[in-house]
Structures are given as structure tokens and as C-alpha cells.
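**Student:** Each chain, written out:
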Amino acid sequence: MGREDVKVVSFWASLFGRRVEWALKLKGIQYEYIEEDISNKSSLLLNLNPVHKKVPVLLHHQKPIIESCLILEYIDETWMHNPLLPPQPHQKALARFWSKFADETMVDAAWMAMCFSGNEKESALKVGRESMQRIEDEIRGKKFFGGDDIGYLDIALGWISYWLPVWEQVGSFQILDPLKFPAIIAWITNFLNHPVITDSLPPRNELLLYYQRIRSQLSST
Amino acid sequence: MSKGKEEVKLLGVWASPFVMRARIALNIKSVGYEFIQENLGSKSELLLQSNPVHKKVPVLIHDHKPVSESLIIVEYVDQVWSSSPSMLPSHPYDRAIARFWASYLDDKWYPTLKGIGGAKGEEERKVLIQQVEEGLALLEEAYKKISKGKPFFGGDRIGYLDIAFGSFLGWIKVTETVFGTALIEEVKTPGLAKWAEKFCEDVAVKPVMPETKKLVEFFYFLRAKFAGSA
Numbered sequence: 001m002g003r004e005d006v007k008v009v010s011f012w013a014s015l016f017g018r019r020v021e022w023a024l025k026l027k028g029i030q031y032e033y034i035e036e037d038i039s040n041k042s043s044l045l046l047n048l049n050p051v052h053k054k055v056p057v058l059l060h061h062q063k064p065i066i067e068s069c070l071i072l073e074y075i076d077e078t079w080m081h082n083p084l085l086p087p088q089p090h091q092k093a094l095a096r097f098w099s100k101f102a103d104e105t106m107v108d109a110a111w112m113a114m115c116f117s118g119n120e121k122e123s124a125l126k127v128g129r130e131s132m133q134r135i136e137d138e139i140r141g142k143k144f145f146g147g148d149d150i151g152y153l154d155i156a157l158g159w160i161s162y163w164l165p166v167w168e169q170v171g172s173f174q175i176l177d178p179l180k181f182p183a184i185i186a187w188i189t190n191f192l193n194h195p196v197i198t199d200s201l202p203p204r205n206e207l208l209l210y211y212q213r214i215r216s217q218l219s220s221t
Numbered sequence: 001m002s003k004g005k006e007e008v009k010l011l012g013v014w015a016s017p018f019v020m021r022a023r024i025a026l027n028i029k030s031v032g033y034e035f036i037q038e039n040l041g042s043k044s045e046l047l048l049q050s051n052p053v054h055k056k057v058p059v060l061i062h063d064h065k066p067v068s069e070s071l072i073i074v075e076y077v078d079q080v081w082s083s084s085p086s087m088l089p090s091h092p093y094d095r096a097i098a099r100f101w102a103s104y105l106d107d108k109w110y111p112t113l114k115g116i117g118g119a120k121g122e123e124e125r126k127v128l129i130q131q132v133e134e135g136l137a138l139l140e141e142a143y144k145k146i147s148k149g150k151p152f153f154g155g156d157r158i159g160y161l162d163i164a165f166g167s168f169l170g171w172i173k174v175t176e177t178v179f180g181t182a183l184i185e186e187v188k189t190p191g192l193a194k195w196a197e198k199f200c201e202d203v204a205v206k207p208v209m210p211e212t213k214k215l216v217e218f219f220y221f222l223r224a225k226f227a228g229s230a
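First to last, the sequence lines map onto chains U and V. Under our numbering, the residue at position 73 of the first sequence is numbered 73, and the numbers go up by one with no gaps. Under our numbering, the residue at position 154 of the second sequence is numbered 154, and the numbers go up by one with no gaps.
Quick caveat, the hints were computed from the structure, so don't treat them as lab data. All of these numbers come straight from a predicted model, not from anything done at the bench. Ideal Cβ placement from N, Cα and C applies to all residues, glycine included. It cannot be assumed that every hint is accurate.
So the derived list for chain V, only partly shown, Cβ under 7 Å to chain U, looks like this [unchecked claim]:
| no. | residue |
| --- | --- |
| 1 | 69 |
| 2 | 79 |
| 3 | 179 |
| 4 | 208 |
| 5 | 218 |
| 6 | 219 |
Covered by chain V, according to a simulated footprint, are these stretches of chain U (three or more residues, beta-carbon under 8 Å) [what the hints assert, rightly or not]:
| no. | region |
| --- | --- |
| 7 | 53–66 |
| 8 | 74–83 |
| 9 | 89–100 |
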């Protein structure tokens with residue numbers, strides 16, 4: 001395959017952007033990374049994603065693709081070796097279902113548990129824990145959601161392995177109870193030890209500082 | 001895939017645009033199915049078992065295996081009954097665009113449209129209507145780019161994005177009727193106005209598009225029902 005024109009516009013701390021990089025690396029696709037300062041958005045980003053003005057954006061032959069999970073699907077359909085999504089229709093539907101569930105329910109709940117306190121925190125924790133139980137039920141008995149190797153759903157849920165523990169530390173809460181969710185904890189170890197993932201994570205200390213700053217900014221407004 | 005008597009059931013309700021998407025998809029592929037009308041005030045065991053996470057319709061049950069979420073169902077139907085016509089575009093980039101707009105509709109645009117009905121006061125309603133109109137302007141532009149002069153987002157025939165967007169036409173008409181506003185019309189959204197007419201006439205759509213009159217009655221019924229709860 002010749003040199004393809006692939007660029008990723010993202011922000012170093014973004015869990016959504018990381019998904020795209022993991023997928024490209026799993027497929028062995030070379031890309032140029034363009035860092036975006038999301039606190040001061042560039043005209044590049046505003047042109048590429050005028051509707052949402054968000055990262056990540058994948059640029060392939062200068063055409064933009066947005067929304068991290070849609071980018072994963074695009075990557076899988078464009079470079080068809082090492083498939084990320086299961087080929088069987090029902091399995092594929094399930095993978096899509098769980099990633100949508102996690103993005104709509106779990107990310108928000110964990111974020112709110114980090115940022116808020118009192119009743120709002122408690123409600124968020126309740127939702128977070130109930131959702132995590134569903135994911136525990138899905139991973140039990142499997143090494144990865146994708147089977148023997150990392151797939152679409154592992155990538156989509158990868159934030160649980162690294163961002164969530166950081167948020168727990170910043171927000172002083174715990175969703176990832178090893179007694180309640182042993183299968184998820186085992187999956188986290190497997191996921192973080194995967195050669196592609198282990199070399200493609202933001203520095204933990206910097207991530208911690210970044211979210212601590214965000215949390216203190218929010219609580220002072 | 002063997003085409004013996006396959007068991008296909010769809011759990012749904014007549015007024016839901018999301019359920020409509022699944023029905024249109026099955027119609028396009030000429031798949032026979034049993035439609036099971038749910039009473040959302042008293043959900044069936046089958047629904048609660050088939051979609052324990054959200055307990056929502058539509059749920060497609062194919063050979064006893066459930067698939068939930070309307071857009072996921074449309075993609076599933078397209079993949080399983082893979083003979084033409086195809087609902088998803090063939091090129092990955094076009095698919096990404098279609099999926100992007102469908103997700104925009106579900107995540108941003110439709111909640112705003114729904115919000116109009118529950119708005120507290122004229123000011124809030126005006127703001128929401130304006131946001132809906134801004135969204136429609138974006139969609140008008142998208143329609144021009146994506147359809148490339150053909151009648152539908154999907155080209156000559158209705159496809160994924162037509163289904164995703166067109167399923168909201170009934171509720172758009174309800175909003176126009178109840179609140180006396182023109183959302184899709186020839187001056188502001190000329191492309192979409194023509195598209196909407198053609199969409200509603202499509203053979204896969206017509207049998208499952210509820211009458212606006214019935215939807216309006218249903219809207220008033222719901223409003224009265226929830227008037228007590230703030």
C-alpha cells in the first residue's frame with residue numbers, strides 16, 4: 001500500500017481521539033498527528049467540523065470524517081485487514097449497541113461523578129455502577145470484547161481502563177470496585193498490556209493534572 | 001443466507017418515528033415480519049426481556065435474537081438481507097457522512113424538536129423553533145451535497161439517511177400544525193420540501209407513515225396526560 005494521506009486532528013487528553021489512534025495503529029496505518037488546543041480552537045478544526053467543532057477528526061485524502069465511533073467504522077470499512085467489528089451481523093449489532101450505550105450513559109455518569117458533589121454525584125455514581133454491571137456481564141468469560149484480540153468494542157470502552165481511574169482519583173469516587181467487577185478488572189489488565197495500547201496512552205500524571213484543573217475550574221464557577 | 005421461513009418480529013408502536021425506521025427498512029427488503037404493538041404504559045415480558053437495558057421500542061427479533069436501537073436495526077437489516085436495494089451507501093466516506101447526519105438528528109436535532117412541545121412559555125418555544133430551523137438549514141445544505149441532483153439522500157432510491165430523517169416528517173408536521181410554524185417549506189428549504197413529498201410517497205414508507213391528523217390527536221392526548229407532571 002502506498003503512502004496514504006491520513007491525518008488525525010485531536011487533543012492529547014481526549015479519550016475519543018485516542019480511539020482513532022488505536023484503530024489506525026492496530027491496522028498498521030501510518031498517519032500524521034495534528035494537535036489541537038481545544039481551549040482555543042483553530043480555524044482548521046472549525047472548518048473541518050463546523051457542526052460540532054470537536055475533535056477527533058480523521059482526514060483521509062483531505063476528506064474529514066468525524067465522531068470517534070463513526071471514524072472507527074470508516075477505518076474498518078476502508079482498511080479491511082485485521083477487522084475491528086465482528087463480521088456476523090448480530091455480533092456487529094451488539095458491539096454497536098454497547099458502544100452507544102457506554103457513550104450515552106457511562107461516560108457522562110463518570111464525568112459528572114468527577115465534577116460534581118452531593119446529590120448529583122450520588123445519582124451519577126448509581127448510573128455509573130449499574131452501567132458497569134452490564135459491561136461486566138458482557139466481558140465475563142472473554143479475554144477481550146472482540147474475542148482473542150482487541151476489537152471495536154474494546155477500543156470504544158478503552159477509556160474505562162485508563163481515563164476512568166484518573167477521574168476516580170480526581171473526583172474521589174470509586175466505580176471500578178474489583179470485588180464487584182472482577183472481569184472488567186481482568187480485561188483492563190489485558191487491554192493496557194496490549195502492545196499497541198501500552199505505547200499509545202497519554203502520560204498519567206499530566207492527565208491527572210489536566211482533569212484536576214478542569215474540576216477546580218468547574219467548582220469555582 | 002437461506003431464505004426459508006425466517007422468524008422476524010418487530011416490537012413497536014404506531015406513532016414512533018424510530019419504529020418507523022425499522023419498518024421502512026424491512027419493507028425495502030421485502031422481509032415479512034410480525035408487528036407486535038406494544039403498550040408502553042404496560043410493557044410486555046417479551047420487550048423487557050429483549051431490551052432489558054433500555055426497555056424501549058423498536059426491537060427486532062430475528063430467529064429469537066434481539067436487535068435494539070433503530071439505526072442499528074437498519075444497518076442489521078441491510079447486512080442480513082443483502083440483496084439489493086442497498087440502504088447504506090457503498091463508499092465508506094459516504095457511509096460516514098450518512099451516519100454522521102443520522103446521529104446529529106438523533107442526538108441534537110430531534111430532542112430540540114420534541115422540546116418545542118414541552119416548552120415553558122412563548123420565549124422558550126421561539127428559541128427552540130429557531131434552533132430546529134437552523135438544523136434544517138444545515139440539512140438542506142447536506143441534502144444538496146449528498147443527493148447530487150437526485151431525489152433522495154440515497155440517490156435514486158431511499159437509503160439510510162432518508163429513512164433516518166424521513167421518519168421524523170410526521171412529527172415535523174405535527175409541530176407545524178400545532179404551533180403554526182412552517183419548518184420544511186418551499187422558500188426556506190426547497191430541496192427538503194420536494195424530498196419530503198417524494199419520501200412520503202415511497203412504497204416502503206406510505207403504509208407505515210402515520211396520518212398527521214392522528215399524530216396531532218396523539219400529541220394533544222400526551223400533553224393532557226402529562227400536564228399534571230412538571
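**Student:** If a hint holds in the structure, say so; if it doesn't, say that too.
**Tutor:** Hint-by-hint comparison with the structure:
Given the 7 Å rule on beta carbons, the hint for residue 69 of chain V holds: about 6 Å separates it from the nearest Cβ of chain U. Satisfaction of the interface hint for residue 79 of chain V is found here, the shortest Cβ-Cβ separation to chain U being roughly 5 Å, below the 7 Å cut-off. The interface hint given for residue 179 of chain V is violated, since its Cβ lies 25 Å from the closest Cβ of chain U, which is over the 7 Å cut-off. Residue-level restraint check for residue 208 of chain V is violated (minimum Cβ-Cβ distance to chain U is 21 Å; threshold 7 Å).
For residue 218 of chain V, the interface hint is violated, since its Cβ never comes within 7 Å of a Cβ in chain U; the closest pair sits about 26 Å apart. Hint status for residue 219 of chain V: violated, given a least beta-carbon distance of 26 Å to chain U, over 7 Å. A count of 4 residues in the region 53–66 of chain U with a Cβ less than 8 Å from any Cβ of chain V is obtained; the coverage claim is therefore met, three being the minimum. With 3 residues bearing a CB less than 8 Å from a CB of chain V, the region 74–83 of chain U meets the requirement of three and the coverage assertion stands.
Counting residues of the region 89–100 of chain U whose CB lies closer than 8 Å to any CB of chain V gives 7, so the stated coverage by that chain holds, three being the minimum.
Comparing the model with each earlier hint shows violations of hints 3, 4, 5, 6; every other hint is respected.
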